[in-house]
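**Student:** When you get a sec, could you build the whole thing from the sequences and use the hints?
Here the protein sequences come in this chain order: R, D, G and C.
Per the numbering used here, residue 1 is the first one in the first sequence, and the count goes up by one each step.
Per the numbering used here, residue 1 is the first one in the second sequence, and the count goes up by one each step.
Per the numbering used here, residue 1 is the first one in the third sequence, and the count goes up by one each step.
Per the numbering used here, residue 1 is the first one in the fourth sequence, and the count goes up by one each step.
Hints in this document: simulated from the structure, not taken from any laboratory.
Since we're looking at a predicted model, the values are computed, not measured.
Any given hint could turn out to be false.
[Stated by the list, open to error] Distance windows between CB atoms, simulated:
1) D:Glu258 - R:Ala327: 34 to 42 angstroms
2) C:Pro189 - G:Asp21: 29 to 37 angstroms
3) R:Ser323 - G:Pro310: 52 to 60 angstroms
4) C:Pro48 - G:Gly105: 44 to 52 angstroms
5) G:Glu184 - C:Pro310: 53 to 61 angstroms
6) G:Lys304 - D:Gln266: 42 to 50 angstroms
7) G:Lys304 - D:Ala304: 22 to 30 angstroms
From the three backbone atoms N, C-alpha and C, an ideal C-beta is built for every residue, glycine too.
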Amino acid sequence: MAVGLPRTLAEGLYRRMRLIRRFEEEVAALVDANEIAGVCHEYVGQEAVAAGVCAALRVDDVITSTHRGHGHVIAKGGEVRYMLAELLGRVTGYNRGRGGSMHIADISLGIFGANGIVGAGAPMACGAAYRFKLAGDRRVAVSFFGDGAVNQGVLHEALNLAAIWDLPVVFVCENNLYAITTALRAVSKLEPHQRAAAYGMPGLAVDGMDVEAVYLAAAAAVERARQGGGPTFVECKTYRYVGHYTAERFMKLSYRSEDEIAAWRQRDAIETWGRRLIEAGLWNGEDLAAADQAVEQEIAQAIAFARASPWPESASALDYMYSRTYAGTPAWGAE
Amino acid sequence: MAVGLPRTLAEGLYRRMRLIRRFEEEVAALVDANEIAGVCHEYVGQEAVAAGVCAALRVDDVITSTHRGHGHVIAKGGEVRYMLAELLGRVTGYNRGRGGSMHIADISLGIFGANGIVGAGAPMACGAAYRFKLAGDRRVAVSFFGDGAVNQGVLHEALNLAAIWDLPVVFVCENNLYAITTALRAVSKLEPHQRAAAYGMPGLAVDGMDVEAVYLAAAAAVERARQGGGPTFVECKTYRYVGHYTAERFMKLSYRSEDEIAAWRQRDAIETWGRRLIEAGLWNGEDLAAADQAVEQEIAQAIAFARASPWPESASALDYMYSRTYAGTPAWGAE
Amino acid sequence: MRALRYLQAMNEAYQQEMARDPAIIIVGEDIRSGIRGETRGLLEAFGPERVIDTPISEAGFVGFATGAAMAGLRPIVQFQVASLVYVAFDQLVNQAAKLPLMLGGQVRLPITYTLMVAGSRGGLAGQHSDNPYPYLLHAGFKVVCPSTPREAKGLLVSAIREDDPVVFLAPALVLAQRGEVPEEAYEVPLGVGEVKRAGTDVTVVAVGHLVGEALAVADELAREGISVHVWDPRTLLPLDRDGLCAAARRTGRVVIYDDSNRTCGFAAEISATLAERAFADLRAPVKRVTRADVPLPYSAPLEKAVVPSPDQLARAIRAVLAHSG
Amino acid sequence: MRALRYLQAMNEAYQQEMARDPAIIIVGEDIRSGIRGETRGLLEAFGPERVIDTPISEAGFVGFATGAAMAGLRPIVQFQVASLVYVAFDQLVNQAAKLPLMLGGQVRLPITYTLMVAGSRGGLAGQHSDNPYPYLLHAGFKVVCPSTPREAKGLLVSAIREDDPVVFLAPALVLAQRGEVPEEAYEVPLGVGEVKRAGTDVTVVAVGHLVGEALAVADELAREGISVHVWDPRTLLPLDRDGLCAAARRTGRVVIYDDSNRTCGFAAEISATLAERAFADLRAPVKRVTRADVPLPYSAPLEKAVVPSPDQLARAIRAVLAHSG
Ligand SMILES: Cc1ncc(C[n+]2csc(CCOP(=O)(O)OP(=O)(O)O)c2C)c(N)n1
Ligand SMILES: Cc1ncc(C[n+]2csc(CCOP(=O)(O)OP(=O)(O)O)c2C)c(N)n1
Ligand SMILES: [Mg+2]
Ligand SMILES: [Mg+2]
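**Tutor:** Structure (structure tokens):
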């Protein structure tokens with residue numbers, strides 16, 4: 001099967017997906033090693049969505065992300081060393097160690113942040129898009145969210161705001177079939193993209209394991225938004241190979257079957273895309289190995305960078321709460 | 001044009017609508033006279049919706065209402081004297097003077113209360129319906145809300161809960177074209193009933209100025225719910241003749257035209273239905289006059305009852321906060 | 001100087017600031033028609049792009065404002081009724097209030113939230129009559145609650161110019177009040193309280209519309225020879241702790257007069273602050289005269305019994321005065 | 001007596017109460033799979049009609065529970081994470097908390113809200129780590145915050161049996177704790193605090209997981225000859241004011257150790273209550289050792305600096321002791 005994309009793009013998609021996959025695998029190991037605190041929601045299996053969608057964006061376009069945000073950040077151009085530094089709680093991290101996995105952001109890259117609250121990023125994407133529309137600078141905002149978010153009130157409100165004001169927003173629903181242990185079919189009678197019509201917004205579904213299909217669908221929706229055509233709802237049918245979060249590996253949960261997981265792994269977007277690059281004659285085995293090797297290096301260097309980075313000072317714990325502080329505000333817990 | 005309804009029902013619909021209209025007119029006068037505190041959201045113009053829908057309900061069915069709730073309460077069987085006593089702040093009122101217009105309720109009649117917060121009653125209707133479903137007693141819950149509520153997150157969540165659990169709920173959207181001064185067309189690309197499909201729920205629109213049409217649509221939806229067929233979204237296209245609330249009469253607002261108001265008044269549901277009763281030979285002019293006269297009496301007696309009723313004791317101001325109180329809880333504002 | 005009503009003072013602040021800074025937009029329900037007056041004329045002056053009527057989607061438009069601010073605008077978000085913050089609570093408390101720190105200082109959120117008819121009165125009953133500022137203070141929002149038209153304009157200007165989220169409460173009972181207001185735009189600084197009346201016997205810390213009531217009670221008690229010191233924090237966060245402690249030290253006896261619920265309310269914070277910072281100067285128990293811990297009942301006598309009253313204040317003043325400290 | 005973990009104690013309370021009363025249902029996210037353990041086995045024991053997995057619609061299912069209660073059920077509503085109450089805030093504070101009074105006593109709402117992993121720790125960062133009880137106290141909810149497995153079971157049973165809405169907070173840091181728990185169902189009454197350690201020099205009022213920390217600090221200081229009296233309110237509302245004042249009187253010196261935000265937090269309420277009711281017995285400033293007024297930062301050293309620490313508590317104890325009152 002041929003590749004219908006420009007070479008650099010086609011190669012870039014593979015590199016990004018591979019980088020996301022390996023990043024998440026290393027992150028899981030670092031969580032187990034207690035080098036990363038708390039929990040991480042791994043993006044493993046869904047790489048094609050972030051990579052495909054963000055390949056359709058300009059640097060000055062904006063995304064809002066979710067609790068499962070590492071893939072989005074990498075795909076939008078985030079640097080893994082600053083991400084790892086953040087996850088290791090170092091002052092060199094994107095959020096200076098204040099945010100961690102669920103709040104990682106790089107405003108300069110238009111990454112408005114992962115968000116720990118399901119659905120919460122969507123109205124922010126609308127607000128940014130409104131600014132773009134006023135400024136007439138043809139920028140676009142993409143809001144990523146999961147299948148579980150479609151039943152959260154604020155998402156409904158955001159979809160309607162984007163629709164009535166014809167905002168340049170692309171709503172990307174990553175339907176991986178589950179919200180933690182809750183199957184989408186148990187909490188919604190229709191598929192996510194079928195909700196879009198209620199707002200007078202086009203909605204479509206795409207194979208989230210086919211990075212080319214994701215890219216083409218996203219590119220069309222993004223271009224439509226850029227031209228002032230208004231928002232689009234793009235559902236990407238995908239799957240997470242691993243648990244809801246790193247902690248799930250130590251739980252005995254039976255909400256999905258090993259067979260189901262295996263069947264999706266069969267269709268792995270990264271392997272598929274690598275194969276297609278070779279079949280299409282764009283790459284040979286060595287090119288692929290070299291690309292993978294480059295990823296290994298980038299991650300190894302990033303981990304080294306993060307580990308070598310300093311911790312934030314305790315005395316700075318209240319910094320950044322306000323851009324202007326006043327005597328006694330914010331208050332410490334003890335005087 | 002003939003009347004396709006049983007005589008008692010057809011007559012009852014007229015009486016109820018007339019009672020609502022006259023009740024609201026008297027309420028407005030009592031607000032102006034400062035006998036009723038605060039503001040009231042008059043139901044004038046929308047009578048056919050409450051009357052038509054509630055005529056399809058059993059006494060043990062449940063409704064949740066809105067800030068514009070007087071019509072719903074009367075239509076579900078509420079007694080105007082207890083309503084007026086409540087509005088006059090008397091201890092004989094439905095809520096013992098605690099609630100007033102925006103919270104008026106009679107649980108014994110399945111009136112779960114007006115609600116001051118747009119959309120807030122909808123999930124409560126789902127909860128009641130869930131209880132009915134568990135008990136298998138074929139009761140139904142109706143949730144009334146306005147066109148403005150369709151953009152409130154909690155309504156979206158409630159619609160989905162009712163859909164996925166096939167709850168015996170009928171969602172009745174009273175589309176009077178405006179939310180205060182905001183036109184529906186400015187805040188929604190589609191009509192309210194077109195939102196229903198997104199939840200896998202049937203949605204339909206009916207002429208809210210035709211009480212027979214409203215009744216027939218509601219009866220079908222209610223019966224469907226009773227039989228376990230799940231929820232239905234019924235949009236009633238209606239209009240409020242007067243301001244958003246009593247206070248609007250003293251404001252100069254231009255969000256709608258006199259012509260528009262006049263055009264809707266032309267189609268007044270009460271006059272139309274009275275005419276149809278006569279055309280159909282069910283009533284003659286005297287019958288109509290007698291019915292109107294009965295309404296005047298009921299209201300006059302209700303006002304007298306309310307005025308003669310005692311005020312609540314200041315010392316009881318914290319009563320009913322809890323069914324079980326503890327020393328110092330709830331706390332008074334001063335010790 | 002010409003006198004304006006509180007709502008007109010707010011309107012003038014909106015007008016002058018929006019004229020000054022094209023990045024300012026105002027978002028909310030029925031803003032364009034300017035029902036109450038505070039937003040009247042904004043649509044005509046600044047057009048529909050900057051004066052935005054929203055659907056009834058508070059969570060949505062609060063998040064919208066956050067995103068707009070992150071992208072460079074300076075939104076004003078108006079809540080038609082103060083207690084509507086509850087439907088947008090996550091977007092306020094868990095998002096806007098937290099993003100600047102969580103993102104390590106990558107964003108500033110110059111957003112002003114105006115909460116209208118705060119506290120209400122006269123029969124708006126349980127769901128429309130809260131004074132929700134203790135919730136917002138606990139969440140770390142900067143909060144102002146001006147008691148006069150002059151301070152309303154000056155604090156609204158300061159709030160709009162602040163590069164952080166600021167909550168502006170417009171108490172229902174002062175909206176019609178008239179008072180002298182300078183014509184030009186001016187700032188009343190955040191974090192600075194004001195002595196509204198100098199006294200020597202008892203200090204009353206009063207908030208919002210209760211400042212006026214406290215002054216009336218002070219006049220009354222003056223006839224009995226009781227000298228009441230009335231202090232208005234004006235900004236609830238950042239709190240003018242030095243001003244508060246100075247006011248407390250003057251008399252050593254303090255009554256807090258606040259119309260938010262009692263438990264974990266603003267009066268509790270004032271009392272706890274005094275216990276920590278002015279303990280040695282206190283000669284009597286610090287008394288709270290607040291709203292009772294219930295939703296405001298509809299009926300007039302019940303409403304009156306639940307809200308803080310001048311009688312309660314006078315009694316509390318006498319009580320702390322009677323205490324031999 | 002056999003020992004159970006805190007989560008197991010909660011599970012046993014759920015099991016025994018649901019077996020006792022068929023009107024009880026439990027509603028929330030991922031209840032059936034019982035991820036953490038507290039809801040494990042409920043689906044098997046009581047079936048899908050009574051053990052309900054919801055969509056991610058907190059406002060919706062809180063309102064759902066209100067309606068179900070009005071229709072005769074006794075819902076338990078579980079929040080997967082405590083700070084998720086924010087997305088349901090209107091349905092909680094403006095609806096469930098107010099309906100009984102607003103409706104003039106026509107309805108009782110026997111609803112229990114369990115808030116899991118309250119306060120969190122260890123890197124869950126800003127949005128998942130709040131202790132939101134001050135918000136719920138201000139709204140008038142009855143609130144319990146058990147510090148041991150025994151009290152977790154007994155207070156959960158009492159909460160479920162109470163005919164009013166009750167919020168049950170399960171602090172993240174005690175969930176794994178083991179302790180003796182009676183097998184049968186039993187009640188720990190609402191509104192009754194407990195002296196966790198008797199002392200004579202300084203009284204520490206500690207909440208939730210901080211009770212254990214306070215006891216450890218007390219042991220430490222005992223070696224220096226400082227005798228610390230540790231009192232656990234257990235129920236935050238209704239507050240055991242007599243128990244509180246008695247604990248304060250014992251020593252005349254009080255430090256409040258609480259992991260909610262400082263401003264308008266629970267510690268402020270305790271301090272204000274003491275100022276009103278125990279002023280004459282206080283010999284030193286009442287000190288608050290609380291969480292700082294910021295979202296919990298992610299990085300370990302920052303997190304540590306923001307949450308109340310045993311060091312801060314020890315320092316505060318020494319400070320009030322040094323005060324010559
Ligand atoms: C409003 C809200 N409710 C509940 C949670 C707890 N929670 C975190 S992730 C999650 C599941 C989200 O599922 P989905 O949106 O499908 O995203 P996925 O995890 O599958 O990527 C839940 C319930 C939350 N963070 N926010
Ligand atoms: C959540 C919420 N937002 C705003 C308000 C203020 N408000 C009261 S009624 C109303 C308009 C409601 O319009 P609609 O739902 O169409 O009902 P109608 O008044 O037309 O009957 C608004 C905005 C409110 N009460 N609740
Ligand atoms: Mg999912
Ligand atoms: Mg309407």
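**Student:** A separate judgement is required for each hint: does it hold in the structure or not?
**Tutor:** Checked hints:
no.	hint	in the structure
1	D:Glu258 - R:Ala327: 34 to 42 angstroms	violated (58 angstroms)
2	C:Pro189 - G:Asp21: 29 to 37 angstroms	violated (58 angstroms)
3	R:Ser323 - G:Pro310: 52 to 60 angstroms	violated (40 angstroms)
4	C:Pro48 - G:Gly105: 44 to 52 angstroms	holds (48 angstroms)
5	G:Glu184 - C:Pro310: 53 to 61 angstroms	holds (54 angstroms)
6	G:Lys304 - D:Gln266: 42 to 50 angstroms	holds (46 angstroms)
7	G:Lys304 - D:Ala304: 22 to 30 angstroms	holds (26 angstroms)
Comparing the model with each numbered hint stated earlier shows that hints 1, 2, 3 do not hold.
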